[in-house]
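Work the whole structure out from these sequences, hints included.
Read in the numbering used here, the sequence shown has 110 at position 127, and its numbers run on one by one without any break.
Hints in this document: simulated from the structure, not taken from any laboratory. All C-beta atoms in this analysis are idealised placements derived from N, C-alpha and C, irrespective of residue type, glycine included. One thing to keep in mind: the hints can contain errors.
[Stated by the list, open to error] Computed Cβ-Cβ distance ranges for the label pairs, DEER-style:
| hint | residue 1 | residue 2 | range |
| --- | --- | --- | --- |
| 1 | T105 | D32 | 54 to 60 Å |
| 2 | A(-14) | A136 | 33 to 39 Å |
| 3 | S20 | T80 | 45 to 51 Å |
| 4 | P84 | L150 | 21 to 27 Å |
| 5 | G161 | D(-10) | 53 to 59 Å |
| 6 | R95 | S20 | 23 to 29 Å |
| 7 | R48 | D82 | 18 to 24 Å |
[Stated by the list, open to error] The calculated lysine to aspartate or glutamate pairs, modelled on EDC-like cross-linking and capped at a C-alpha distance of 16 Å, are:
| hint | residue 1 | residue 2 |
| --- | --- | --- |
| 8 | K31 | D12 |
| 9 | K31 | D11 |
| 10 | K31 | D(-2) |
| 11 | K31 | E(-9) |
| 12 | K31 | E88 |
| 13 | K31 | D(-6) |
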Amino acid sequence: MAADRLDEVLDAAYDCLTRYGVRRTTMDDIALRMGVSRSAVYQYVRGKDDAFRQLAARLHTRALRRARDAATAEDASYTTRVRGVLAAKLDLARGLTGDSPHTAELLDDKARLFGDICGTFTADLRQLLTALFAEAGTSATIEPAEAADICLALVTGLEAAPDGERLLGPATEALLTGLMTAGDAHGHDGPAGLGRDGAYGPSGLPARCAAEA
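See the structure below:
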């Protein structure tokens, strides 16, 4: 199928990215990695720039899907739902920065090729978080959009921390204690009838987006 073949092209582009970076990768490199001719690769992408743009879109789309699933998990507490949204961003960033110094280029919101994709991803996460805070209720001095921005700032900091994944749970719990109304911050039954959540329990989400199908 064409979609399967495109996935192979993007997988090969990612492998080349880990080795050479965006600038040094060529269509010949991608074709060699796939074991096909360069003309065969052109059947699925218009060129190297198109391949990397589609690669960035694929990774961010998967992460956003995770975030949306977490945000709409009505059987989970607000704390778990917020943590799930933040985990989607953290896992994307940690996965890309861990594979190679070059793969972090896919996170650059100033990049010519895919900066708009990165920016839209962050804006979509902000919208999800704002909606969650509007539904759950925030403390009197914090607007839902401000609470969303604070959470995004938290996860951005954790992206650079050596043990960011471990810290996400307790950091989110502590932050939400100040941002949300008292009951919801600790996972008590809220307006949606959500049950109590363990303070540092697992989010129930799959592994990092790079490992998803």
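Right, here's what the structure says about each hint:
no.: 1; hint: T105 - D32: 54 to 60 Å; result: violated, 22 Å
no.: 2; hint: A(-14) - A136: 33 to 39 Å; result: holds, 37 Å
no.: 3; hint: S20 - T80: 45 to 51 Å; result: violated, 33 Å
no.: 4; hint: P84 - L150: 21 to 27 Å; result: holds, 23 Å
no.: 5; hint: G161 - D(-10): 53 to 59 Å; result: violated, 43 Å
no.: 6; hint: R95 - S20: 23 to 29 Å; result: holds, 28 Å
no.: 7; hint: R48 - D82: 18 to 24 Å; result: holds, 20 Å
no.: 8; hint: K31 - D12; result: holds, 10 Å
no.: 9; hint: K31 - D11; result: holds, 10 Å
no.: 10; hint: K31 - D(-2); result: holds, 13 Å
no.: 11; hint: K31 - E(-9); result: holds, 14 Å
no.: 12; hint: K31 - E88; result: holds, 15 Å
no.: 13; hint: K31 - D(-6); result: holds, 13 Å
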